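Taken in sequence, the protein lines are chains G and F. Residue numbering for the first sequence follows the working numbering, starting at 1 and increasing by one per position. Residue numbering for the second sequence follows the working numbering, starting at 1 and increasing by one per position.
Among the hints, erroneous ones may be present.
[Claimed, not checked] Reference listing, derived: stretches of chain G covered by chain F, where coverage requires no fewer than 3 residues with Cβ under 8 Å from a Cβ of chain F:
| # | stretch |
| --- | --- |
| 1 | 203-217 |
| 2 | 326-340 |
| 3 | 489-502 |
[Stated by the list, open to error] What the simulated footprint calls covered on chain G by chain F, stretch by stretch (three residues with Cβ under 8 Å from a Cβ of chain F suffice, anywhere in the stretch; the number is not a length):
| # | stretch |
| --- | --- |
| 4 | 232-244 |
| 5 | 475-484 |
[To be verified] Cross-link-like lysine to aspartate or glutamate pairs, in silico, DMTMM-like; alpha carbons within 25 Å at most:
| # | chain 1 | residue 1 | chain 2 | residue 2 |
| --- | --- | --- | --- | --- |
| 6 | F | K206 | G | D210 |
| 7 | G | K121 | G | D261 |
| 8 | G | K235 | F | D376 |
| 9 | F | K343 | F | E322 |
| 10 | F | K343 | G | E271 |
| 11 | G | K483 | F | D148 |
Simulated from the structure, these hints should not be mistaken for lab results. Bear in mind the structure is a predicted one, so any value in this text is a computation, not a measurement. Where is the CB? At the ideal position from N, CA and C, for every residue including glycine.
Each chain, written out:
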Amino acid sequence: MERRTFITSTGAGLLGSALGAGSILGAFDPSKLVAKPSAFNRLSANRSRPGGGQALSTESNDLTPYAGPWGDAELRHLLRRTMFGVPESQFLAAQALGSMNAVVDQLLACQDTTKVPLPAKLASWVDNMPKGDLQDPAKTNQTRLMAMERQQIENWWFDQIAQENLSIRQRMTLLWTNHFVTGSATVNIPGYMYYYLLLCMQYALGNFKDFASAIATSSAMLVYLNGDQNYVTGKNSFVNENFARELMELFTLGINFPGTDIPNYTQADIEQSARALTGWQHGNYKQTPVAPFTGILWDGTNGNPNWHDTTNKTFLGQTGNWGLSDVIDIIFQQPDDATATPPGIPAGFPAGYTSAYWASQKLYQEFVYYVPNPSVVDAMARLMLANNFEIAPVMQALLTSAHFYDVNVVGAQIKSPVHYIGSLIREFGITYPAFDPTDPPVKEVDKNGFNVYTDTNPTLSIVTAAILNVSQGQELLNPPNVKGWPGGENWLSAGTFQGRETYSNSILNNLFVNTKNNLALSFSADSYAAQIANDTTLSAEALSQSLEDLSLSFTLGPLESGDLDTDLQGTYKNPNYQYNTLGVKEFALYLTSLPEFQLF
Amino acid sequence: MKRRDFLKTGLKIGVATNALPVLLGGSPVRALGRSPLRSALEATGSANNNVLVIIQLQGGNDGLNCVVPFTDPNYASLRPTLGLSGSNLTAALPDHGTLAFHSAMSGFYSLYGNGGGNGKLAVLQNVGYPNPILSHFRGTDIWNTATDSGIYASTGWVGRLLKVQNPNFPPSTIPAGSQPLALEFGNSLSNLFLSSSGGMGIAISKVPTSGSGSTHNYDPIPNNPTTPYQELEFVRTIQAESEIYAQSIVSRSVTTNKVTYPTSTLATQLSSIAQLIASGFSTKIYLVTQGSYDTHSNELTGQGNLLTDLSAAVLAFQQDIEAFGIADQVAVLTYSEFGRRPKENGSGTDHGTAAPHFVIGTQVKGAVYGSDPKLDATSLAGGNPTGNLTYDPLHDFRNVYATVMNEWLLAGGDQTQINADIQAVLTQDASTTYSTNATWQSLGIFRSQPLQYVGSSPDATGLMLLPCYPNPAYGITQIDYALPASGPVEIGIFNTSGVEIERIVDSRQSPGPQSVTFDASKLPTGTYFYRLTTASGTVTRPMVVEH
Chain G
1 MERRTFITST GAGLLGSALG AGSILGAFDP SKLVAKPSAF NRLSANRSRP GGGQALSTES
61 NDLTPYAGPW GDAELRHLLR RTMFGVPESQ FLAAQALGSM NAVVDQLLAC QDTTKVPLPA
121 KLASWVDNMP KGDLQDPAKT NQTRLMAMER QQIENWWFDQ IAQENLSIRQ RMTLLWTNHF
181 VTGSATVNIP GYMYYYLLLC MQYALGNFKD FASAIATSSA MLVYLNGDQN YVTGKNSFVN
241 ENFARELMEL FTLGINFPGT DIPNYTQADI EQSARALTGW QHGNYKQTPV APFTGILWDG
301 TNGNPNWHDT TNKTFLGQTG NWGLSDVIDI IFQQPDDATA TPPGIPAGFP AGYTSAYWAS
361 QKLYQEFVYY VPNPSVVDAM ARLMLANNFE IAPVMQALLT SAHFYDVNVV GAQIKSPVHY
421 IGSLIREFGI TYPAFDPTDP PVKEVDKNGF NVYTDTNPTL SIVTAAILNV SQGQELLNPP
481 NVKGWPGGEN WLSAGTFQGR ETYSNSILNN LFVNTKNNLA LSFSADSYAA QIANDTTLSA
541 EALSQSLEDL SLSFTLGPLE SGDLDTDLQG TYKNPNYQYN TLGVKEFALY LTSLPEFQLF
Chain F
1 MKRRDFLKTG LKIGVATNAL PVLLGGSPVR ALGRSPLRSA LEATGSANNN VLVIIQLQGG
61 NDGLNCVVPF TDPNYASLRP TLGLSGSNLT AALPDHGTLA FHSAMSGFYS LYGNGGGNGK
121 LAVLQNVGYP NPILSHFRGT DIWNTATDSG IYASTGWVGR LLKVQNPNFP PSTIPAGSQP
181 LALEFGNSLS NLFLSSSGGM GIAISKVPTS GSGSTHNYDP IPNNPTTPYQ ELEFVRTIQA
241 ESEIYAQSIV SRSVTTNKVT YPTSTLATQL SSIAQLIASG FSTKIYLVTQ GSYDTHSNEL
301 TGQGNLLTDL SAAVLAFQQD IEAFGIADQV AVLTYSEFGR RPKENGSGTD HGTAAPHFVI
361 GTQVKGAVYG SDPKLDATSL AGGNPTGNLT YDPLHDFRNV YATVMNEWLL AGGDQTQINA
421 DIQAVLTQDA STTYSTNATW QSLGIFRSQP LQYVGSSPDA TGLMLLPCYP NPAYGITQID
481 YALPASGPVE IGIFNTSGVE IERIVDSRQS PGPQSVTFDA SKLPTGTYFY RLTTASGTVT
541 RPMVVEH
């Protein structure tokens, strides 16, 4: 359609050619890499199938700054990729900031938590959670209490997501809970999950190496990957390899050196580093914070020197009486030319490249496309190394790169369930009662004398439960396994797609009621349209176009946009009013049913 | 072997010249009457209507505490805390006194019955592969994509098999009323079901209660689409699948089960699968996932609960499909990314290598296949990595897949074509090499194997002598044969020098299918022959004995 041309103006032709790749990349030639298929690369090169699944090849395959026009389409793309849906008000606020760099600076300002503070503490109970025996039937009340508290944490977080201003913090936080994975169902102690979540918010744009250290000793991680059951007593050794393996495989290194089949570590390295990590104990909320835990987000973690293996360990080529900080240091030195680890890779890669690449790849998959482009990731890794593992400079460069604004990038990502529901709530002006920070549980005693804990935020519980159950199996803080949600095309299947349609239909038809039978989530067609204009003289076509721009990364063709225009005009077309409430609702229902709405 | 089984498999031969050989070969007689099923089978290109239900034991199941070598003193010393004994075990397997199941697996124990090839549950010991990977995710990929451990592939063995069988899938538009080729219970499609044409099956988290058959008025995808439009095409495909397949499932003809299932997610999913199979769905492969078996700690409780659910759910499923009368077309296969370390770490076990797996069904020759795991210090020290179990090369997991294809999913088709298909799935196809190995073994664990005529003019004589199974033989092996007329019959076992070692049949027998078993455990490792001598002719076949 002629009137809808904005995306195509974000043409690749605006970009310079890929400059100076050789000098930037040094000895590393990404074009020689053999890309290995994996979970996110679901499909082969055969184009007889629908879908993407290959690394993007764009005009700019590094971090060359974007120098094209800065218009609404580019701004919306930036905001969609860094937030969970973009209400028109926030788009306008960002527009008022002016340049791309100004908006990116605003989005990344949360790297300084004194400037953009962390959310106020959820509740006091996060500090005095009893450590209960959840297997004991006599503790049923406590089990209920914990379930309610776990729900409260999810609700609190989703509220942070839904109410977020111009900031990348919550998108980063969700990414990190899907990288340094723990799971509330396994950890089972809500307070631990709260502090873990806060850690992910604090380090959202922090230092990746420091982040890895902090996570390693968070109570949630110690419970989730059995770090607390990895110990020696006297001659008895109860070395548990669970955390040591995932620390390297999933958190910091990856199995193989980038672009090769060369393993970054061996089974012996796992066993040796597990010994170095012996003795850590998760918090029990009764100990007094001691150094080095004072002054940080302390959740009770401690080490027991009597349970630590003090003999020498040989880890990634280095021998010594290693502990946690040594293990982290050695990991973040890989590859190490001095010890020739891992053996077989070409010399010349800077120390720390492996971890920087691993983290950069995760960032790329989250913010650009779920299949990594090795050349861009390489540039990100080298930038991260130049900044001593700081995340923010890499994000700044990525979000201002020509690659990020390429025509192959805009609209190519599939929304996660949280993103899908977030965009519904934020872009369609869905309202819900304010989050109630009352310390749960609100305890009542039922007629049989049993304690009953009341959900103080039933509305948000509907949302968070919907994310899990109604549609798509993404329970906040509870990924399916330690690798996290695979993302990309894995988000959509016959089952989850139907769940999404059901959910959007229900929410736009105001079918969600809370336990007191009050409307819990409220959609107002008038308020939705009023985001664009209170001017009822606005033509239906102009309003339709603006609402499409609000939610879609695609330029619709005549069939789809024509149907939307017809919906919006409605059956009660009034010469004085170009649209009406019923038409707006029909429009919203059709817009959210479009496959384009699944993409961003 | 039950007599009626042989008659059925014999029928495959009888109809081999029928106008619809691909359809009819290998089908139980009663299937011929189901015209919807016949058309469905034609549509899916299947040689039979056999169904495989795959249960993924996610997280790495500890095989040693499933099929427990409880008489091995090394077992108890490796597992002072976790070692099972006494009431934590079932009785010893009737035909295999050195093994018992975890007591949570009473359902499996009853399915095993007396074993000896007559039960409904086969235990394949020491399943694994060379150069094992102890990562959950890389390990799972290896099992799903069925590659050598150093080879990476993006497609799954089931997806490739379905693509071989359905080269034109997916259609440009999915016709209303279609049933999926494969169905998974889960939120996202496993790479097990991926082929070079994308997903060959669908994933649903539960059986839908309503379909939404909306029609769409979409603008076309541009030629040479950019990546966003490629993804848009993917989303539209998923949307079509969700609407059409969901509608087919909603309108299935059978919506209740014949037995009451236990209350577990796995059981609920299996009950839904029973309904779909009983409804005559053409879906060949189902996948359900249970876990997590990643028992680094608290294994006694954690694994025990999971095995209780697994065993009870599978038993209920088996009873259900038997009550429906569809059991002869269904087999269940378990797999897991690895077994666990023989030596405990305290209250749990770390990642390991080889493990036993199970094949279940009325057409499965229930028995223990393979030797007990070797737990002595020397064997474990020689493990890769050291301290781990060594897999049985005959039980490379690709041989399990080859067996499932050869003896079950493709059974009844042309053997040359079957071999080619298995090569394409497990060794290499036009685009990718999956393994440097080109030879795969059929383990002989299904009753309804494709039959082969032997002798000079089998049609004239009706004389048949089948390959013994298992072959290679290590314990009891079974020899099936058929006689055209009554008369004296001799079957002897000969060594390579031509000396008869044992006469295992020497009697007058009636015409029709016959069967005899032979205990190969008393013979040294080597090659032997067995010879059938009748008035109608003489047939000889080789038999390999391995220990």
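If you count the residues of the stretch 489-502 of chain G with a beta-carbon closer than 8 Å to a beta-carbon of chain F, do you get 3 or more?
holds (count 12)
Holds or violated: K206(F) with D210(G), Cα cutoff 25 Å?
Between K206(F) and D210(G) the Cα gap is close to 42 Å, so the pair fails against 25 Å, i.e. violated.
Coverage claim, chain F over the stretch 203-217 of chain G, checked by counting residues with Cβ within 8 Å (three needed)
Result for this restraint: violated, n = 0.
With a C-beta cutoff of 8 Å, work out whether three or more residues of the stretch 232-244 of chain G approach chain F closely enough for the coverage to hold.
holds (count 5)
Straight-line Cα separation of K483(G) and D148(F) no greater than 25 Å?
23 Å, holds
Would you mind confirming whether the straight-line C-alpha gap from K121(G) to D261(G) stays at or under 25 Å?
Violated, because 45 Å separates the two Cα atoms, which is more than 25 Å.
Proposed proximity, E322(F) with K343(F) (alpha carbon, max 25 Å)
40 Å, violated
Has the given pair, K235(G) with D376(F), been kept, meaning a C-alpha gap of at most 25 Å?
Roughly 23 Å separates the two Cα atoms, so the pair holds.
Does K343(F) pair with E271(G) here, judged by a C-alpha cut-off of 25 Å?
Given that 25 Å is the threshold and the Cα spacing comes to 14 Å, the pair holds.
Establish whether the coverage given for the stretch 326-340 of chain G by chain F is satisfied; the threshold is a Cβ-Cβ distance below 8 Å, and no fewer than three residues must meet it.
Violated - the stretch 326-340 of chain G has 0 residues with a Cβ nearer than 8 Å to chain F, which falls short of three.
Annotated coverage of the stretch 475-484 of chain G by chain F, confirmed only when three residues or more have a Cβ within 8 Å
Answer holds; 4 residues pass the 8 Å Cβ test.
Of the numbered hints given earlier, the model fails hints 1, 2, 6, 7 and 9; all others are met.
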